[in-house]
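Q: Next come the chains, spelled out residue by residue.
Protein chains: 4
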Amino acid sequence: MPEPKQMLNVAMIGHGFIGKVHSNAFHQVGHFFPTPYQPRLKIICGRNRAKLEAVASQWGWEEVSTDWRAIVERKDIQVVDIAVPNALHAPIAMAAAAAGKIVLCEKPLATSRDEAERMATAVRHLPNLVWFNYRRVPAVAFAKTLLNEGRVGQIFHYRALYLNQSGNDPAKTSGWRYQRAIAGSGAMGDLLSHAVDLALDLNGKITGLIAMTQTFAPARDVDDAVVMMARFANGSIGSFEASRFAAGSRNRNSFEINGSLGMLRFNLENLNWLEFFDATEPANLQGIRNLLVTGPNHPYAENFWKPGHVIGYEHTFIATLGDFLGTLGRKETFHPNFDDALAVQRVLDAAERSAESKSWVRLDR
Amino acid sequence: MPEPKQMLNVAMIGHGFIGKVHSNAFHQVGHFFPTPYQPRLKIICGRNRAKLEAVASQWGWEEVSTDWRAIVERKDIQVVDIAVPNALHAPIAMAAAAAGKIVLCEKPLATSRDEAERMATAVRHLPNLVWFNYRRVPAVAFAKTLLNEGRVGQIFHYRALYLNQSGNDPAKTSGWRYQRAIAGSGAMGDLLSHAVDLALDLNGKITGLIAMTQTFAPARDVDDAVVMMARFANGSIGSFEASRFAAGSRNRNSFEINGSLGMLRFNLENLNWLEFFDATEPANLQGIRNLLVTGPNHPYAENFWKPGHVIGYEHTFIATLGDFLGTLGRKETFHPNFDDALAVQRVLDAAERSAESKSWVRLDR
Amino acid sequence: MPEPKQMLNVAMIGHGFIGKVHSNAFHQVGHFFPTPYQPRLKIICGRNRAKLEAVASQWGWEEVSTDWRAIVERKDIQVVDIAVPNALHAPIAMAAAAAGKIVLCEKPLATSRDEAERMATAVRHLPNLVWFNYRRVPAVAFAKTLLNEGRVGQIFHYRALYLNQSGNDPAKTSGWRYQRAIAGSGAMGDLLSHAVDLALDLNGKITGLIAMTQTFAPARDVDDAVVMMARFANGSIGSFEASRFAAGSRNRNSFEINGSLGMLRFNLENLNWLEFFDATEPANLQGIRNLLVTGPNHPYAENFWKPGHVIGYEHTFIATLGDFLGTLGRKETFHPNFDDALAVQRVLDAAERSAESKSWVRLDR
Amino acid sequence: MPEPKQMLNVAMIGHGFIGKVHSNAFHQVGHFFPTPYQPRLKIICGRNRAKLEAVASQWGWEEVSTDWRAIVERKDIQVVDIAVPNALHAPIAMAAAAAGKIVLCEKPLATSRDEAERMATAVRHLPNLVWFNYRRVPAVAFAKTLLNEGRVGQIFHYRALYLNQSGNDPAKTSGWRYQRAIAGSGAMGDLLSHAVDLALDLNGKITGLIAMTQTFAPARDVDDAVVMMARFANGSIGSFEASRFAAGSRNRNSFEINGSLGMLRFNLENLNWLEFFDATEPANLQGIRNLLVTGPNHPYAENFWKPGHVIGYEHTFIATLGDFLGTLGRKETFHPNFDDALAVQRVLDAAERSAESKSWVRLDR
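Protein chains in written order, with my numbering: chain F, 180 to 544; chain C, 180 to 544; chain Y, 180 to 544; chain V, 180 to 544.
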């Protein structure tokens, strides 16, 4: 038998949909990633005791609590995982950092750039992670591999969409995601943040941008849609669009990258696939090819099932956590961390200022 | 100015849908193919004088006639084009051959194998053509090129469908295509014949087969659907299916070829595209690629528009005629000709016998 | 807190790829399905102790053993799960049945029809399951819903493929799946069995069939490919093809159903999607629509994530187990069980006999 | 026989690729559109006599000339068709208008807004047309029908791309399209103009915009790419992108329209298809459906072939001309005409100014 793993006691604050996704990742990570650490679902924290107990029972959390402040300071907790509405990220993360915990936080990191700056500063000396899970979609990670290998050449265009139709459905729009006081923003923090994180990871820094936002629903105080143009440090130009009013899109987090040697395209609605166009082939054999990124020789193919056997949404969280625990064991810095999420927040902040001032905004770093 | 072209006076027998398609090809071939011959739309022949005159006027036929027997023997006619219901192919083709004409005939060649044998014998000394136009879809011709280059390797599977939903629509089913006395068969001659012609052209001889047929519509005396399994001389195995009861298919003439080195797939509903899978790529870059077969370096790309500019259904007839006139100038044998269509008819005949006897049938040649 | 669940001690025989998939299902079922039973990963059994201990450690099996006969008779075991090569299914299942266990078995049930008959008889008085997991793909289950609602009308065609390219890869072909003594058959038991199970479930009984098989690889004693035509009791006609030599296909378990009112199409490589064509729409709005079957109002959408969040291969096993435990609690008969798998085996047996005799075979029940 | 058609003598200035496309349209329009006029290919004009004669011979132009000024004033010419590089559009159109001719002109109308204003004024009293041919793609026209019927509801997003990879190919970049003095602009006039014309036609006026342009190729004085954000008078927001550096795109003129009741999507690379999403369907049956827009009850389906038989690029020119001749007969105003093209030019002009000033530009009309 292999050496026993070191247990990491986790306190998760939040018990909604995303809390279930995190619970699953804590359970599953050891089955797929050979890490020296085993998360233990120690305590789950929230405000509604009935729901809390139901979730705890379903997912095997050992304790429940309605007082996150007390929990965050408990000596037996090593990891604080923040899975609550955006406005609560900062106070919990600051408290957890003050208590010296490993801090995991949902995206977007904060409701403002200032908040994000303070949070990033607070956790910088501690292992930390932000759940920009889509970096670990195997197809996205493979896109990065191909970019790094130079298979796409010099990049000319980065084109990103994150579209759904949630806002167009009156039944769905009463939640916290549609209130500025809690969410900070609408499609921007919810959707554009993911698109920007992937862009920064895959295509590097944004040096300037201009955005426009639109609220279609009457009496809503967050943006329903945002369109953005950007320039990247590598000389390429970018276009971004995020919307909750895009009928026909369920969860369309997509990007397309055009370079001198090829093209890459991804859509989260078909997350096991990556499209690749190789412009170095003979002209009559050039075509967009559809790669089923389940191995062999694809990212995470060894962790999950066999080639040809697809994975789902939840596996991107498992892979994020698996990689994080790996860096923890090797005492390396994990990405995306609070600093990476701060970089995203700076872009969102610039986009908001740009939409207000109707002018280009430079990003100095 | 280049040398004037030699005029070929054409008599077309038939004035229905396919007659218009042929008329178009006679008009257009000189615009796209540099042949020494220019078809002249001399006379169009049919039974309904009002319709005949309308079609003649629309398409520029110089004369009309209701007596094909007289026309076929006219000295000033060099080409007889047969575009009438199947049961009339044989008498017209035999008469035209007897009169020494160049004979062009719609598919399926005949309503029986015996008829087809006699027809092929009759025209063998004359230039002749059967309108199995789909061989000249650029994507299909390019598939053949790739097969010939060995890009697919040893063939294991040939899989063909020709599906539409016409028979399922009561409004469409009163025509001659649904009557055995005129059509000879149903989906078999109408649809399977095309699939078999492509199979023979792309994958070589069929050595044996077993088929089943089904008539779904009450009181109809032709097959609505046929399914067939076959063995090819090259060691591969084939499956075929033709149906007029396939809701969701408009004109799905498709094939897929799996070999030791790759795969090719085509669907007439997307006729400008060919799918190609290259199994010699590194494993993690293998994917089905979608080739837009409009050039450069694709068949007929120089004849029609520029790369990226798609062609339509009618161009397959123009290309067929263009190639035919080219072979005429060079005194070469054109394919597909009556002998090729006879080979198809032998397969259809075997399929019918097989469906009746419920047993495998060998094809000796 | 809800009532504690009743534990079911599981002994799993086998520790290969599929054993991991089962282990995962035992772990996960309680997180997604509100069943009264909680599987406990009690003991895992296999022949290679080193591998066994590694798998046990990774997946949390409490004990390991190399003697399945002893395990199967242990009083503290309620469930025996059979995840070993095909030839071992029968002895283990018979022993487990004799010991009165709940028996779960991988597919294909057996290496012969006789074996399958004995096994089905042996377990008929016990709760039992065969892992034909693809019935529980949400898209497949939703197809069944639509069929039951009459949305496709009278069925004319059932067309199934299960294609991969594994056999074409010399590196993969030394395993037990390529040896008749252990596997019973090749593509037939491995792939066609799944296609037949779905066909029987979705389209009802097969009354007759004819098949051909082919072995492309030299010196291999199982079929590499099988093609089959069939007639169903409901008057529709079927075509089936299974192959390990279909370059371009990774795990293409697909079906298409054409009826008088519409069409349904599925491909396991895109398992979150179902294609649907509604022939009752106005003609100019009829088109194949692509349904992302992640809710709302799709099968299992409440069990897994939110609409727009895709699931993977493993969830089909979780759903199978979840439904099984539900029927166990309600003392109902689960499907697919050994009798359902026996029905599949009868079809495979008929197909083998048909391929040998080169003739149609009737299926009386 | 029907009444003889009235001949319209056409003088075409230009003999390049697009001149062939126009020649084809003049030939073919009478075969597909029952108009009272028959264009006669009277004279073709250009600078290279050898090429001119070759094109004249191939396409049946009766005369050739290298002096467009003389031709334009010929009494026997009724129609002047301008198919030359952009900088020549204005002088020829002004001269033709002065001579009272019917004027047809390639897009973009002009190399500047001022030029376009003068041209539109000059021809306003004469029948005139600009070859924004993509309005007559049946799928595009059908999209307009569905929009007009309210099937998409209130529009939220208009998203357009026109991408190709021509600029990325050094072999293609020496032509006039890459020189500001002749072309006026790069991707903007060549590609974005088409996208803007469709947007104005389908979604109405643009009230404001901001654009950025980029030249990737060294020593080129036109834009290689343009990205643009816009606001429409109907309250929707738009994003546009045109590029010659988008590897993987051959001729991707696409749009997507998201509204309160549905979605429409089109891509010129699959021009026979239109994607439609109907948000009024029951939630579990909502999916993007792919409509093969070849009839029945689709625009131009009666003019060309039968349902299921696809058309190509050239048919959009034939349909444009067919509709134009129809309006001529009925003495109606045709669209798109010079005024429509002027509206496009105003948007392009605003986009250029915006890209220079890096600021939003209002469009007052």
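Accuracy of the hints is not assured; some may be wrong.
Treat identical chains as interchangeable: a pair holds within one or across any two.
Stated by the list, open to error - Computed list of lysine-lysine pairs in PhoX-like fashion (alpha-carbon distance at most 25 Å, straight line):
id, residue 1, residue 2
1, Lys485, Lys230
2, Lys485, Lys323
3, Lys384, Lys537
4, Lys184, Lys230
5, Lys184, Lys537
6, Lys323, Lys384
7, Lys254, Lys510
By construction, these hints were calculated from the structure, which means they are not laboratory data.
Q: Confirm or reject each hint.
A: Here is what the structure says about each hint:
1. Lys485 <-> Lys230: This pair counts as between: shortest inter-copy Cα distance 18 Å, intra-copy 37 Å.
2. Lys485 <-> Lys323: This pair counts as within: shortest intra-copy Cα distance 22 Å, inter-copy 28 Å.
3. Lys384 <-> Lys537: both (22 Å within a copy, 20 Å between copies)
4. Lys184 <-> Lys230: Only across copies: lysine 184 and lysine 230 sit 19 Å apart there, 31 Å inside one copy, limit 25 Å.
5. Lys184 <-> Lys537: neither (54 Å within a copy, 57 Å between copies)
6. Lys323 <-> Lys384: Result: close within a single copy only, 15 Å intra versus 40 Å inter.
7. Lys254 <-> Lys510: Answer is within: at 22 Å inside a copy they meet the 25 Å cutoff, but 47 Å across does not.
Hint violations for this structure: number 5 only, all remaining hints satisfied.
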